[in-house]
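Colleague: The chain contents come next:
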Amino acid sequence: MKTEKHVLFSIGSQMFAMSVSDVTDVLHNPVSTRIPLAVPEIVGVLNMRGYIVTVLDMRVRLNIQEDKPKPDIDTPMCIVVVFRGTRYGLMVDYVHDVVDLSASLSAPVPPSLDPSVRSMAVGVYQHQKHLVLALDITKIVGISENLAA
Amino acid sequence: MDDGLLQDFLVETTESIEKIDQDLLSLEKDPNNPPLIDSIFRLMHTIKGTCGFLELKRLASLAHAAETLLGKMRDGEKPITQEPISLILEAMDQVKFIIAVLEEDKVEPEGDDNPLIASLDAMSRGEIGGPPEPEAHSVSASAQPVEPALLESLEESSDSEPEAVVVSAAPAPSLKTVAKAPAPEKPKPEAKSEPKKPSAEDSAEEKGGAAVDQTIRIRVDLVESLMNLVGELVLTRNQLLQLMRQEQDNLSVFATPLQHLSHVTSELQDGIVQARMQPVGNAWKKLPRIIRDLSVELGKKMDLILVGEETELDRQVIEMIRDPLIHMVRNAADHGVETPAERLAAGKPETGQIHLQARHEGGYIVMTLKDDGRGLNIDAIKKKVLEKGLCSPEKLADMEDEKIQQFIFAPGFSTAATLTSVSGRGVGMDVVCTNIERIGGVIQMASQQGQGSTFTIKIPLTLAIISAMIVGIGGQRMAIPQLGVSELVRITPQSDHKIEFLKGAPVLRLRNKLLPLVDLRSLLHLESDKPEGGSTTIFIVVARVGASHFGMIVDRVFDTEDIVVKPLAPILQNLGVFSGNTILGDGQVIMILDTNGVAQTLGDTLTGQDSGPTTPAVKKTIASNLEEQVSLLVFRAGTKTMKAIPLAMIARLEEIDLKTLEYTTDKPVLQYRGSLIPIVTISGDYHLAEEGIAPMLVFNTKKQSVGMIVDEIIDIVQAPMHLTLPSEGTGILGTLIINNQATDIVDAYHHMHKVVNTWQDSMPMSTKGGFSSAASKRSQRILFVDDSAFFRNLLTPMLETAGYTVLGFEAAADALRALKSDPDTVDLILSDIEMPEMNGFAFAKAVTEDPTLQNIPLIAFTAHVNSDMTIKARKSGFRECVAKFDREGLLSHIAHFLGHHSVAA
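Chains B and U, in that order, are what the protein sequence lines are.
Under our numbering, the first residue of the first sequence is numbered 1, with each subsequent residue one higher.
Under our numbering, the first residue of the second sequence is numbered 150, with each subsequent residue one higher.
So that you can see chain B by itself, here it is in the shape it has in the complex (with noise of 0.2 Å):
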């Protein structure tokens, strides 16, 4: 049975995964310089190693009402990837654990979903009592550049 290794990681109560081939780091609560008038999902800019990241959030980007959790207890986490070059960072509530996934093992993606989360999701998993919405980040990328053109 041919696996996968992915991070796995929530926003509020819903847990998403992605694939760790194209993450390179997780940071813990970062800093970023706010962008004047970039769009509202763009956090920022951060310097990580000489490396300017591109922050999002993701809480905007999946479309998430959920209230974000309390900033004196929980900081958020940041999913560094590389798409095409450029770094991004993707701001999530926390990182769990990477785990191997199997891809037969998942389920189509339910058409009742929100039509923006949809467009970013592979697949859906059963993990340890959770389900899991697998994110494919060209998908969570790619639209955002495209977005922007």
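Check before you lean on any hint, since a few could be wrong.
To be verified - In silico negatives: residues of chain U with every beta carbon more than 12 Å from chain B: (1) L400; (2) A559; (3) D973; (4) V1014.
Claimed, not checked - If the Cβ cut is set under 8 Å, some of the chain U residues that face chain B in the computed set are: (5) T385; (6) L673; (7) A718; (8) L721; (9) N730; (10) G736; (11) I739.
Keep in mind the hints are simulated off the structure, nothing from the lab.
Glycine included, every Cβ here is placed at the ideal spot set by N, Cα and C.
Assemble chain U onto chain B, guided by the hints.
Modeller: Below, chain U without anything else, positioned relative to chain B:
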């Protein structure tokens, strides 16, 4: 075939062909050079051999035919003249074409080159290609099928239209011109730098010779990756140094090694930057050939002079300027340089000079392209601008030549009557400009009609590292590239320079020019970080865009640094105001502003082009207010408030001895120049001192003079007629800020009107001749249009004092409507020129075109009268043009036209 083998072949052969190209051109100028022809032959021989070995049949046959011809030339059996060289160059172009296809498809293209080979063979046999022969035409005719490919590879674009190419490539006329010259004469274009090369390179070419090759080949992507790593090393080093500065005491043990590391990093950086540097000559390689071919094709004589080709430049930058340069050189040859006949007629030497020079200048490389041709044709540009609707006729008429020239950089612009295959498929200078700006460079142009044009390009040595000014805007730091910045202005509450507002838009008066400003903080929606009531010092960064300047308002200026430019993520690239971002020494990421992008937010106020969101009204106002600068006499009278009156209204300034004042019915009068004039004061009361000397302003009305006694004359100043506060009381037209002081503009006529009327009452007889009662004149009605309340307030009383009834309008459109509805009520029309929406000229035209209104005399009214203005005014239908402060002139013209009118009626 093995891919690696093919790759090597392609690289080597491409280099060889380039060399053959260059050497052939040198040979043309210097035919008596056996080592040179030898070297060319050997190169061709090698190519032929390799092609044969790799079973590239098409290339092999072509190379073989060329080699044969070269052999004949080498052995002296064939004279080395323009014809064989042209043919071999043709053959080389065909080889380039085949190689291009080979690289793409891994196989040679289908077909053969038999016509070309036949020509080569025929020439080898001596059947063709000697001095002038009609057969020359048929040679080229049969060579035609090859030409689309030839010109295509020359031009490196894939959308050539075969018909256009063949037509313009007709060598027949040009061959004739060439043929006229005796064979041994040197051909027209000369790349003067070339002669030096053959000898040096010859020795290097010695097979297995003494010269050891000091270079190695290295893959470009490897160099790129090294460059990136070094860039990051530099940034990390900067961070460490920053930390060291902050924590000096705690980290002292690191100091020395860190210092050493820093030193080594700097050297490494320099080294890597060097590695990517190449001589700019690499971008110039194709130019001599292009000029040569153009000379032949266009029948013009041209010299291409290259200076400074060893100047080094980053490889990437070279790639990006190669095409723009080719385009510009083509333009110079095609549109700039005239035909020999035209040149001789103009008193110029027959051979046109195109001069291309490169040099280092303060961290940049400056390239100038200069030709001594016919320069830019202003009229042709104007015509094209109007055709394409890029600007309104009125704006164009007012524009300086220099600004009109800038239109060639506008998108979609091309003045070529026919798009020749040579320099334009409507590609145009705007693409050149964009490409140059993309690499962070600037391009400027100067041109003199009849004398030639000079283009100056300034580009940074490397794309990656630029010099930038770090500024603070609303608490955030940003970088502004140093290249476009011309100066920095500091504005404090005490400084002479001030930000003024014209119809809501901020401007700065800098050395008599009005500079439009961009408030970066509001543009970027940032909050102010200055405490309330804190320092109000701000800075204005003056930047140049094209031929104009503008300013950016920032809160703070930190320093200038060399920064490594990192491109924006694709999702951010649509934000036109940013061109990239960078990491500062302290690890913070900041945005880099794009000067051009910011300038564009100003709309059309800079470029003078009509499109754009910013209203033409704003621009017109700026322009018109620029004209309407007025001389004001500033004085004190009665109260502490400064007062002023337009100087032009004052007839004389006198000093009088208060003892000489006399009183009539308690009103003061003065014997002045043979008549008795009434005296007024601003305050209206006549309790003047009994003794002493006081300044007096003398005004002349139509009827008589009036003297106004004031306390003290302060100064005469120039100020734009923009009222900060409109008038609230009578007697005052409004308030201006002059030299930081609020100054009331006195309505002089208000004061005089009072006096003159009462005077009339109390003294029915005038002591000055020419007095006529206002009542006895039929009150004639004047329609007065002026968008400035100031002038309406100023002139209406004056005209009324003179006995006319005045109908005032702010907008010409309203005036026109009123006129049309009631044409008989108006005897004369007085109109301002510079007005938003409908200006004076348009208004006059509308009036004269209406049959019910045609007979009403029109007088134009403007701040500055000159012959141009008068001519334009007359053309639009005005009878006369009068200066705004010329009361005498105005009144006499009005009288003239009204008198004339009544006689006619």
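Colleague: Next step is simple, just say for each hint if it's right about the structure.
Modeller: Comparing the hints with the structure gives:
With a closest Cβ-Cβ approach of about 20 Å to chain B, U:L400 is found to remain outside the 12 Å limit, as its non-interface label requires. No beta-carbon of chain B is positioned within 12 Å of the beta-carbon of U:A559; the least distance is around 24 Å. At the 12 Å boundary, the C-beta of U:D973 stays outside the reach of chain B, the nearest C-beta of that chain being 58 Å off. Non-interface status of U:V1014 relative to chain B is upheld: no Cβ of that chain comes within 12 Å, the nearest being about 47 Å off.
The criterion of a C-beta within 8 Å of any C-beta in chain B is met by U:T385, whose closest approach is roughly 6 Å, and the hint holds. A cut of 8 Å between beta carbons decides the hint on U:L673: the least distance to chain B is about 4 Å, and the hint holds. This hint holds: U:A718 has a C-beta 4 Å from the nearest C-beta of chain B, less than the 8 Å allowed. Satisfaction of the interface hint for U:L721 is found here, the shortest Cβ-Cβ separation to chain B being roughly 6 Å, below the 8 Å cut-off.
Checking U:N730 against chain B by beta carbon gives a least distance of about 6 Å; that is within 8 Å, so the hint holds. The restraint placing U:G736 at the interface with chain B holds, with a minimum CB-CB distance near 5 Å, inside the 8 Å limit. At about 6 Å, the closest approach between the beta carbon of U:I739 and any beta carbon in chain B falls short of 8 Å, and the interface hint on this residue holds.
Comparing the model with each numbered hint stated earlier shows that all of them hold.
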